[in-house]
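Participant: Since the structure of chain A is already known, use the hints to place chain B on it.
In the order they appear, the protein sequences are chains A and B. All the letters of the first sequence, read from the start, carry residue numbers 579 to 691 under our numbering. All the letters of the second sequence, read from the start, carry residue numbers 9 to 124 under our numbering.
Treat the hints loosely; a few may be bogus.
Calculated cross-link-like contacts (lysine-lysine; reagent style PhoX-like; alpha-carbon spacing at most 20 Å) [unchecked claim]:
#1 B:Lys-17 - A:Lys-623
#2 A:Lys-580 - B:Lys-49
#3 A:Lys-620 - B:Lys-46
#4 A:Lys-623 - B:Lys-27
#5 B:Lys-17 - A:Lys-620
#6 B:Lys-61 - B:Lys-30
#7 B:Lys-46 - A:Lys-580
#8 A:Lys-620 - B:Lys-30
#9 B:Lys-49 - A:Lys-623
#10 B:Lys-44 - B:Lys-17
#11 A:Lys-580 - B:Lys-48
#12 A:Lys-620 - B:Lys-44
#13 B:Lys-30 - B:Lys-17
#14 B:Lys-46 - B:Lys-61
#15 B:Lys-26 - B:Lys-44
#16 A:Lys-623 - B:Lys-44
Hints listed in this document are in silico derivations from the structure and should not be mistaken for laboratory results. Just so you know, these numbers come straight off a predicted model, no measurement behind them.
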Amino acid sequence: RKEVEQDPGPFNVPEGATVAFNCTYSNSASQSFFWYRQDCRKEPKLLMSVYSSGNEDGRFTAQLNRASQYISLLIRDSKLSDSATYLCVVNIRGPNTGNQFYFGTGTSLTVIP
Amino acid sequence: DTEVTQTPKHLVMGMTNKKSLKCEQHMGHRAMYWYKQKAKKPPELMFVYSYEKLSINESVPSRFSPECPNSSLLNLHLHALQPEDSALYLCASSQDRDRESTGELFFGEGSRLTVL
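Excised from the complex, chain A in its bound form:
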């Protein structure tokens, strides 16, 4: 069972490029959505939450389409330091089970000088 699907890439882009990652989720009861970033041999860290109205944080824009069960992340003006794996995360909260966070397969990004 795969709750969350992502294009694994890899994406290799030049500095300054705009790159978009997509993610779909299967459980319509999913309640909250996130993008995490994971650097090589490090733990995942929250990049940004994703809201239905769409949200932006500097060069990063996240979108959520609940009807299509689709999440996206747009990175503008890519920097070398953006090179990492980007993980789409979905939270399914059950009445008796609390929060359950499921990760997509991750999309690898390398920004090239």
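Facilitator: Below, chain B alone, put in the same frame as chain A:
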């Protein structure tokens, strides 16, 4: 620096050994998680504890035995593991109030396990 502390950072064990991984957080979070991550794969959910009670077991083999002694501590007891169990084991925590949740997962740095 992460506020979730995991020990040991590295562990090598034989298939007949018994060992434990430990995790601690002092953020007052009431949900704690174990994830397993193989190389070039995403974290896979293993167990969820909510208010010190096991709420989710994602069909994990019984050679992995979780324990939550109190709201700050989470252990993973390991016994009779197989070489394919070698992976990075990540502990995480999150707020888990009945009516609201920030939703953010905070991860420890992980325990890298090698089973010989």
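Participant: Compare the structure with each hint and give your call.
Facilitator: Evaluated hints:
no.	hint	result
1	B:Lys-17 - A:Lys-623	holds (18 Å)
2	A:Lys-580 - B:Lys-49	holds (13 Å)
3	A:Lys-620 - B:Lys-46	holds (13 Å)
4	A:Lys-623 - B:Lys-27	violated (27 Å)
5	B:Lys-17 - A:Lys-620	holds (12 Å)
6	B:Lys-61 - B:Lys-30	holds (17 Å)
7	B:Lys-46 - A:Lys-580	holds (16 Å)
8	A:Lys-620 - B:Lys-30	holds (18 Å)
9	B:Lys-49 - A:Lys-623	holds (16 Å)
10	B:Lys-44 - B:Lys-17	holds (14 Å)
11	A:Lys-580 - B:Lys-48	holds (16 Å)
12	A:Lys-620 - B:Lys-44	holds (13 Å)
13	B:Lys-30 - B:Lys-17	holds (10 Å)
14	B:Lys-46 - B:Lys-61	violated (27 Å)
15	B:Lys-26 - B:Lys-44	holds (18 Å)
16	A:Lys-623 - B:Lys-44	holds (16 Å)
The structure fails hints 4, 14 (numbered hints given earlier, in ascending order).
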